[in-house]
Amino acid sequence: MLNLLTAERIKLARSKKLILVLAILSLLPIIQAVNSKMVVNYGTELIQAKDTVINGATGILMMEKNGLTVLLVMCTFIGFFIGEEFQNGTIRNALSLGRSRTHYYLSKLVIASLLTLIGVLAMTAIGVISFTSVLGFGEFAEIDNYSLYVIKTFITLYLLILANVSIYVMISFLTKNSSISLVWSFLYTIGTGFGAGIFLETEHFKQVTYWFTESFLFYSDFAKTTDIAKYPEMILVSLITIVLSSTIGILLFNRTDLK
Amino acid sequence: MSETILKATNITKIYGKHKALDKVTIEIKRGMIYGLIGENGAGKSTFMRTIMGLITTDEGNIELFGEIGAKGLQQARRKMGQSIETPALYPELTARDNLRVQAANGGMSEREIDDLLRLMSLEHTGKKKAKNFSLGMRQRLAIASTLISHPEFLILDEPTNGLDPSGIVEMREIIHRLVTERGITVLLSSHLLDELSQIATHYGILHDGKLIKELSKEQLANETRQYIELETAEVQKAIVVLDELGIRDYEVINGTNINIYERLDDVATLNRSLVLADVNVSRIGTTRQKLEDYFLQLTGGNSHA
Chain A
1 MLNLLTAERI KLARSKKLIL VLAILSLLPI IQAVNSKMVV NYGTELIQAK
51 DTVINGATGI LMMEKNGLTV LLVMCTFIGF FIGEEFQNGT IRNALSLGRS
101 RTHYYLSKLV IASLLTLIGV LAMTAIGVIS FTSVLGFGEF AEIDNYSLYV
151 IKTFITLYLL ILANVSIYVM ISFLTKNSSI SLVWSFLYTI GTGFGAGIFL
201 ETEHFKQVTY WFTESFLFYS DFAKTTDIAK YPEMILVSLI TIVLSSTIGI
251 LLFNRTDLK
Chain B
1 MSETILKATN ITKIYGKHKA LDKVTIEIKR GMIYGLIGEN GAGKSTFMRT
51 IMGLITTDEG NIELFGEIGA KGLQQARRKM GQSIETPALY PELTARDNLR
101 VQAANGGMSE REIDDLLRLM SLEHTGKKKA KNFSLGMRQR LAIASTLISH
151 PEFLILDEPT NGLDPSGIVE MREIIHRLVT ERGITVLLSS HLLDELSQIA
201 THYGILHDGK LIKELSKEQL ANETRQYIEL ETAEVQKAIV VLDELGIRDY
251 EVINGTNINI YERLDDVATL NRSLVLADVN VSRIGTTRQK LEDYFLQLTG
301 GNSHA
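One line per chain: the protein sequences are A and B, in this order.
Going letter by letter, the first sequence gives residues 1 to 259 in full-length UniProt numbering.
Going letter by letter, the second sequence gives residues 1 to 305 in full-length UniProt numbering.
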C-alpha cells in the first residue's frame, strides 16, 4: 500500500491537473473576498444567512459557500486521475506485479482524500485571510466557543465533501473511463444536490433526502444552532456513505476484467 | 529437467456466447521464448491477461512458479513483467519518472534506473515527456519499465506492432539480450509467424480461441523444411530416374510437380541425370514452404499471418 502511495506521489508531483485544482481552490476565496468588498462599497450590506461568508470569522464556512464548486472540481480531477489509468493501460503495471486490487483502490481513495483536504484547507485559510483583509475579522453571532466551533465545522464540512469524493472514486473505478465517469459524477452531483430541493418540499420524502450528504451541504446553514446540532447526524451519514461506496467499489473492481 | 514457469490448463474464457479461449493448455519452462501466434482476435491477448490476473477465467487452472490459488498467484506475479498491446506509460512523465513510478509500484529501489535507460538507449531523453516519444522509444521504455522489478518471466504482447523494420530488428535484439544476459523466460505474441520464427524457441498456434498446435523451433523447421521442387510434364519418367538415383523421400504434387526432400545439395547431379534420361525439366530448384503458407494451412484460410 505504501509502495502504491509512493507511486501516486511521483505521478502527481508534476501533474498540471493537480496544480489547476489547487489554483482554483486557492484563488476562488480571493476573488470572492474582492467581490464582497465591492458589493459593500456599493452600499449593499452582507447578510450571513444569504452570503454565508461575510467577514474573516465566517471564513470557516468557505466549504459551505463553495460546496458545489469544490464537488465539481474534485469530480473532474478524480475522473481524469483514475480514468486515465484505465485508458492508458497503466493500471496493469501495478496489478500485474501482484498488487492487490483492494490496495490499489484504497491508494486512489487516500490520495483523493488527501488532495481534497489540502484543497479545502487552503481554500478555508485563504478565505479567512482574504475576508479579514478586506472586511475585518469581525465576529460570529450565536457562537460562544469559536475555536471549538471551527474544528467541529471544518471536520463536518470536510466529511460531507469526502463522502462525495468517495462516490466519485467508486464511479471512476466502475466506469473505467474519464469522460463517462465525468458524466455520471455530474449527474450524481446535480441529481442528489438539486433533486433534494424538490423532495424537501414533500412530507413523505423529506427524510430520504438526508440519506445523501449533499442535502446537508447545500440546504443547511452551518451558522444556525439548529443545524449545528445536526453535526453528529451529518458525520454519521458521511461515514456510512464512505464505507458503503468504498465497499461496493472495491467488490465490483475486484470482479472487473481489465483491458 | 528445467523448471516449469507457467502451466495453464484448460483455460476457458467466455464473453456472452463467444468463447474467447477454449480449453487452452500451455506449459512454459525456464529459458523458453514461447511465441503465441494467431490472427487478430484469436485469443492471444486474452490468454496473456488471464495469466496476469487482469481478467478472470471461466474454467481452468493457472500455475505460476509452482504457485496456485489467488494468494499464491499474487505472490508469483511479483516475478513477472508485462507489456500488453500499446505501451502502458504515463504520457506526461519523463522516461525516468515512468521508471520511478514502476519501481515504486514494485517496491524496488531506483538505483537501476540509469542502467535500464542505457540498456534501452533512452539515457539521453532527459526532460522529454513520454507522449513525445516515437513508438519504438515507447516500446523500449515499456520494456524497461517491466525490467525494473527484476522479472524472471516476461509477457510481451505484439512488441513489434507498429514498428518500422529497424525498430523490429532492434526489438528482437533486445529480447535476445534479455534472454541470454538476464536469463528471462519470455512469452510473446504476434500475428506474424515469420517474425516470431526469428526469435522464439517454441510456438503455440491459437485459432478461434483454441490452441491448435504446439511445436518447437526444430519441429517448425522440419515441418516447413527445404526441398527440391521439380516441375516436369513427364512425371513417370522422372520417378524412374529418382529411383535409379536411390532417392526415396519425395512426393508428387498435382501430376506435374515433384517435391524431393533429400540430397538438397545435389541439384546439379539430379538435373544432369534427368536430362540424360531425356526428361523435359521445366523448372528445378530448392525451395522452402513459406511460414505464412504453413500457418494458413493450419488455420485453414483467411489470416494475416
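One thing to keep in mind: the hints can contain errors.
Stated by the list, open to error - Cross-link-like lysine to aspartate or glutamate pairs, in silico, EDC-like; alpha carbons within 16 Å at most: (1) A:Lys16 <-> B:Glu92; (2) B:Lys131 <-> A:Asp227; (3) A:Lys17 <-> B:Glu92; (4) A:Lys259 <-> B:Glu92; (5) B:Lys17 <-> B:Asp208.
What the hints assert, rightly or not - Computed footprint of chain A on chain B, listed as stretches where at least three residues anywhere in the stretch have a Cβ under 8 Å from a Cβ of chain A: (6) 166-177; (7) 215-223.
No wet-lab data here; the hints were simulated from the structure.
Glycine residues also receive a C-beta, built at the ideal position from the N, C-alpha and C atoms.
Hints, one by one, checked against the model:
About 9 Å separates the Cα atoms of A:Lys16 and B:Glu92, which keeps this hinted pair within 16 Å; it holds. Restraint check: the Cα-Cα separation between B:Lys131 and A:Asp227 comes to about 50 Å, which exceeds 16 Å; the hinted pair is violated. Of the pairs offered as hints, the one joining A:Lys17 and B:Glu92 holds, with about 11 Å between alpha carbons and a cut-off of 16 Å not exceeded. Of the supplied pair hints, the one linking A:Lys259 and B:Glu92 is violated, its CA atoms being roughly 21 Å apart against a limit of 16 Å.
The straight-line distance between the Cα atoms of B:Lys17 and B:Asp208 is roughly 13 Å, inside the 16 Å bound, and the hint therefore holds. Counting residues of the region 166-177 of chain B whose CB lies closer than 8 Å to any CB of chain A gives 0, so the stated coverage by that chain is violated, three being the minimum. Residues of the region 215-223 of chain B lying with their CB closer than 8 Å to a CB of chain A number 0, which falls below the three-residue condition for coverage.
Consistency note: the structure conflicts with the earlier hints numbered 2, 4, 6, 7.
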